[in-house]
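Undergrad: Please model the entire structure based on the sequences and the hints provided.
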Amino acid sequence: MRKKDNKVSKGAEGKAWYQAIGSKLWYLFNSLKLTLFVLITLAIVSIFGTVIEQNLPAEDYVARYGEKWARVIFYLHLNDLFHSFTFQALLAALALNIIVCTFERFPPKWKALLNHRSEKFDPNIVDRFSNSETVSLKVPAETAKGRVLKAFARKKFKTMTFSSGSDQLVYAWKGIIGRFGSDVTHISLLLILLGAIVGSVAGYKDYRAVYEGGTIKIPKADFKLRLDKFWIDYYDSGQIKQYNSLLTVMENGKEVLHKQIWVNEPLYFKGIRFYQSSYGVAWDRVNDAGIAIKKKGESDPQAPVTVKWEQLVKMPNSKYSVKLVGYTADFAYDEATGTVYSKSPDANNPAVKLEVYEGGKLVSTPWIFLKYPGIFPAIPNSDTDLVLEGYHGEMYSGISINRDPGTNIVWLGAAVMGIGFILAFFVYHRRVWVRIRGNGKSTEVKIGGMINKNNFVFEREIKEILDSVKSD
Amino acid sequence: MILSLVFFTFSFVFYLITGLLYLGHWLFGKKWLGQIATSMAYVTLLSTTMVLITRASESGHAPFSNLYESMVLFVWATNIGYLAMEYRHKLKVLGAIVMIIEFFAMLSASLLPYRYKSVEPLNPALQNKWHWMMNVLSPFGLQKYAIGWLDFHVFTTFIGYSAFAISFGVSIIYLVKNRYETNGRHNSLVDAFPDARVLDELGYRAIAWGFPFLAVGIVSGAVWANYAWGTYWSWDPKETWSLITWLVYAAYLHARVTRGWRGKRAAYLSIAGFLAVIFLYWGVSFVLPGLHAYA
Ligand code: HEM
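From first to last, the protein sequence lines are chains A and B. Counting in this note's numbering, the first sequence runs without a single skipped number right up to 487 at its last residue. Counting in this note's numbering, the second sequence runs without a single skipped number right up to 501 at its last residue.
Treat the hints as calculated values from the structure; they're not laboratory data. Ideal Cβ positions, reconstructed from N, Cα and C, are used throughout, including at glycine. One or more hints might be untrue.
Unchecked claim - When the alpha-carbon atoms are kept at most 20 Å apart in a straight line, the in silico DMTMM-like pairs for lysine to aspartate or glutamate are as follows:
| id | chain 1 | residue 1 | chain 2 | residue 2 |
| --- | --- | --- | --- | --- |
| 1 | A | Lys468 | B | Asp401 |
| 2 | B | Lys296 | A | Asp398 |
| 3 | A | Lys310 | A | Glu404 |
| 4 | A | Lys386 | A | Asp299 |
| 5 | A | Lys256 | B | Glu264 |
| 6 | B | Lys350 | A | Asp248 |
| 7 | A | Lys83 | A | Asp95 |
| 8 | A | Lys173 | A | Asp482 |
| 9 | B | Lys296 | A | Glu476 |
| 10 | A | Lys368 | A | Glu350 |
| 11 | A | Lys220 | B | Glu292 |
| 12 | A | Lys485 | A | Glu157 |
| 13 | B | Lys350 | A | Asp299 |
| 14 | A | Lys285 | A | Asp237 |
| 15 | B | Lys350 | A | Glu280 |
| 16 | A | Lys386 | A | Asp315 |
| 17 | A | Lys310 | A | Asp398 |
| 18 | B | Lys237 | B | Glu292 |
| 19 | B | Lys296 | A | Glu474 |
| 20 | A | Lys338 | A | Glu350 |
| 21 | A | Lys485 | A | Glu148 |
| 22 | A | Lys285 | A | Glu270 |
| 23 | B | Lys444 | A | Glu68 |
| 24 | A | Lys461 | A | Glu476 |
| 25 | B | Lys444 | A | Asp95 |
| 26 | A | Lys329 | A | Glu370 |
Claimed, not checked - Partial selection, computed: residues in chain B whose CB lies under 8 Å from chain A:
| id | residue |
| --- | --- |
| 27 | Gly235 |
| 28 | His295 |
| 29 | Asn389 |
| 30 | Gly390 |
| 31 | His392 |
| 32 | Arg411 |
| 33 | Val425 |
| 34 | Ala434 |
| 35 | Leu449 |
| 36 | Leu453 |
| 37 | Gly466 |
| 38 | Gly469 |
TA: Structure below.
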């Protein structure tokens, strides 16, 4: 590479073009103006993502905003703003900005703060601060110095003493670590972004509806989940209190864990979380149905028999047995293909399909209707008809499956951010210089210094220190 | 229902009285009026605390589950924030403005339509309690008083809101005071306010409290969402607006710390931030669709 350098076109300052671009970029991302720009832009861009509802089907945008605006929305990816290139680029710019700024600013700050004590102590430095106060004491300089040191110790300052000519000088400091609060906060942001990236690369989200007794195969995992029971709890007022599923984890055919989950209480197993996310009544199967015999000439059907799903049951007072094999919540018949389907998931026109046996022989496979008993005879050429008197729907439990290995990195980032905030906002770095100048009879104590933020605290603190120097 | 209403009515009247006392202190500059006002502010705080406590015991859950309750929480947190500021910085004249605003906040809470006030049982997603807390409380039969991420989330968020509200108020007063100071005009009411320099710093200090609290609120909301909705962040409008608000205040802090924005520009940013807070608190619930029930 080195040898080829001379062939590469040079930038203005004699740098290779990539170095020139590199240093331009570095300069850009080192800019604190860019930080403000990115923060404000992120805020403004995000507003669009709240005003325009996200991830709707395309038709909805057309219906809501008209075709022209819908096209704009799609062109700018405003329908999925937070996953759009623009948004991700802004986040990337924020991250780069933080990284470059930290590289540029942290090392010199670290050095300056570590070496602060070796700064040459200039006896006139105290004259330079706006926060400064002077008192005159009727005690010798040594006594005054002792009092000053004691006052600082009481306030938990660290101190160093010097002398310059006849002047006694004290340098005191406290809360250096607060200066690193902003860096800790920035690192924590990077951690959170990292966690989000890990999650989106290595994680997945999925959803399964499962009936009681059914099992779920889990993507990319070597175990299965069985739903043992699903139920709803109600308040006395009839409002829904909670949805519950009783789950069993099955590994290699063995049951390894039982857990009841509900909204707010997921199951966590081998890095995957399972949430109670919805429920419903099946549209294509039932738990059981009440089937009754109706003899020709009689006005009322006989007492119904409960027939369970896919079970053969002998009908009393008849030569028939029936098996419940099908259900449709909203019965419809497609003439063209000759198939039965459900117009909607709602039980608008519920019907069940039976298999009717006579002496072990299948004689009929009728659909019978809850709302239209007897419109088609269930068994051809027979004086016996079958009617549907009622049924119990089958509930399913909707389970969300979520694997997100980045979550813990995000939590770690959040914890680090907490530490960063405490350091940045509540630990103030104070540096105080004191000059003690005695003239034999009386001593003049001048105290001055600075704080990186919260001047009020500082002014008060300096007063308190002076007070205790005076009164001791 | 009854006891919390009694306390609410008391608090309502107390805010009015406290506000008038502070107003009197501001108008007439009498020190004793200020002292009475401060004591009255503590009484009012106690009474507002009682509203929250009795409401919690009546509903059986933390009193942050509808707009009415969250308004009371907001008033309560702002009262604490104000008193802390008054105590630390020995400034009483701001009390007139804070307490009168508190009074109007209570008034608007009491005027809310019934459906934002009624005690409702918690829907499934809002039932989240810390297991460790249930375990600690259950030997005493108190497990029903355990709180969870949701309660923590609302509580910290509202402390943030009230700190921002204080910064907002201080910033407005700053703008007034600053105008008088730069024009060299005088008015005994405006002169009673602290120096513009002090107001500027106070506005910043309030944000330095609000910003981390809002952050804790956002994170605890994420923790809760991770239990309830299966992901810690889903770009729901409320979540997004909380982030927007937070970013505006992050911009405020950076403008101030790294670019030396003080005074007017900082005050305008603080006002912009609070407009975002208002939208976050009210606007999102009424204007935008989303998963959050209220606050
Ligand atoms: C959402 C994004 C960010 C957040 C939440 C954040 C947070 C903070 C906080 C809390 C402080 C301390 C403020 C104070 O002392 O009052 C700070 C200071 C600072 N931030 Fe950021 N920051 C963010 C992004 C950035 C970026 C992208 C840069 C890029 C250069 C940056 C550079 C700085 C600098 C230079 C300081 C001052 C450091 C000091 O005085 O010690 N920040 N930031």
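Undergrad: It remains to establish, for every hint, whether it holds in the given structure.
TA: Against the structure, the hints come out as follows:
1. Of the pairs offered as hints, the one joining Lys468(A) and Asp401(B) holds, with about 18 Å between alpha carbons and a cut-off of 20 Å not exceeded.
2. Taken as a hint, the Lys296(B) and Asp398(A) pair is broken in the structure, with Cα atoms around 98 Å apart against an allowance of 20 Å.
3. Of the pairs offered as hints, the one joining Lys310(A) and Glu404(A) holds, with about 15 Å between alpha carbons and a cut-off of 20 Å not exceeded.
4. With a C-alpha separation of about 17 Å, the suggested pairing of Lys386(A) with Asp299(A) holds against the 20 Å cut-off.
5. A distance of roughly 18 Å separates the Cα atoms of Lys256(A) and Glu264(B); the hinted pair therefore holds under the 20 Å criterion.
6. Straight-line distance between C-alpha atoms of Lys350(B) and Asp248(A) comes to about 17 Å, which keeps the hinted pair within the 20 Å bound.
7. With a C-alpha separation of about 18 Å, the suggested pair Lys83(A) and Asp95(A) falls inside the 20 Å cut-off, and the hint holds.
8. This hinted pair checks out: Lys173(A) and Asp482(A) have alpha carbons roughly 19 Å apart, not beyond 20 Å.
9. With a C-alpha separation of about 15 Å, the suggested pair Lys296(B) and Glu476(A) falls inside the 20 Å cut-off, and the hint holds.
10. In summary, the hint linking Lys368(A) to Glu350(A) is supported, as the alpha carbons are separated by about 18 Å, within the 20 Å threshold.
11. The suggested pairing of Lys220(A) with Glu292(B) is violated, with an alpha-carbon distance near 50 Å, which exceeds 20 Å.
12. With a CA separation close to 14 Å, the supplied pair Lys485(A) and Glu157(A) stays within the 20 Å bound.
13. With a CA separation close to 41 Å, the supplied pair Lys350(B) and Asp299(A) exceeds the 20 Å bound.
14. Restraint check: the Cα-Cα separation between Lys285(A) and Asp237(A) comes to about 10 Å, which is no more than 20 Å; the hinted pair holds.
15. Straight-line distance between C-alpha atoms of Lys350(B) and Glu280(A) comes to about 17 Å, which keeps the hinted pair within the 20 Å bound.
16. Between the alpha carbons of Lys386(A) and Asp315(A) the distance comes to roughly 15 Å, so the proposed pair stays at or under 20 Å and holds.
17. A threshold of 20 Å between alpha carbons decides the hint, and for Lys310(A) with Asp398(A) the separation of about 6 Å falls inside it, so the pair holds.
18. Under the criterion of a C-alpha separation no larger than 20 Å, the hint pairing Lys237(B) with Glu292(B) is consistent with the structure, at around 14 Å.
19. Under the criterion of a C-alpha separation no larger than 20 Å, the hint pairing Lys296(B) with Glu474(A) is consistent with the structure, at around 14 Å.
20. Taking the CA atoms of Lys338(A) and Glu350(A), the gap is near 25 Å; set against the 20 Å cutoff, the hint is violated.
21. A threshold of 20 Å between alpha carbons decides the hint, and for Lys485(A) with Glu148(A) the separation of about 12 Å falls inside it, so the pair holds.
22. This hinted pair checks out: Lys285(A) and Glu270(A) have alpha carbons roughly 15 Å apart, not beyond 20 Å.
23. Between the alpha carbons of Lys444(B) and Glu68(A) the distance comes to roughly 12 Å, so the proposed pair stays at or under 20 Å and holds.
24. This hinted pair checks out: Lys461(A) and Glu476(A) have alpha carbons roughly 14 Å apart, not beyond 20 Å.
25. Of the pairs offered as hints, the one joining Lys444(B) and Asp95(A) holds, with about 16 Å between alpha carbons and a cut-off of 20 Å not exceeded.
26. For the proposed pair Lys329(A) and Glu370(A), the alpha carbon gap of about 12 Å is at most 20 Å, so the pair holds.
27. The beta carbon of Gly235(B) comes no nearer than 23 Å to any beta carbon in chain A, farther than 8 Å, and the hint placing it at the interface is violated.
28. With its C-beta approaching chain A no nearer than about 6 Å, His295(B) sits inside the 8 Å limit, and its interface hint holds.
29. Hint status for Asn389(B) relative to chain A: violated, with the closest Cβ pair at about 24 Å, above 8 Å.
30. A cut of 8 Å between beta carbons decides the hint on Gly390(B): the least distance to chain A is about 22 Å, and the hint is violated.
31. At its closest, the beta carbon of His392(B) sits 25 Å from a beta carbon of chain A; the interface hint therefore is violated under the 8 Å criterion.
32. Annotation: interface hint on Arg411(B) holds; nearest CB of chain A at approximately 7 Å, less than 8 Å.
33. With a cut of 8 Å, the hint placing Val425(B) at the interface with chain A holds, because the nearest CB-to-CB distance is about 4 Å.
34. Contact between Ala434(B) and chain A, as hinted, is supported at the beta carbon level, the nearest pair being about 5 Å apart and thus within 8 Å.
35. Below 8 Å, beta-carbon pairs count as interface contacts, and Leu449(B) has one with chain A at about 6 Å; its hint therefore holds.
36. Annotation: interface hint on Leu453(B) holds; nearest CB of chain A at approximately 4 Å, less than 8 Å.
37. Restraint check, Gly466(B) versus chain A: the minimum CB separation of about 10 Å is more than 8 Å; hint violated.
38. Taking 8 Å as the C-beta contact cut-off toward chain A, the hint placing Gly469(B) at the interface is violated, the least distance being around 14 Å.
Of the numbered hints listed earlier, those contradicted by the structure are 2, 11, 13, 20, 27, 29, 30, 31, 37, 38.
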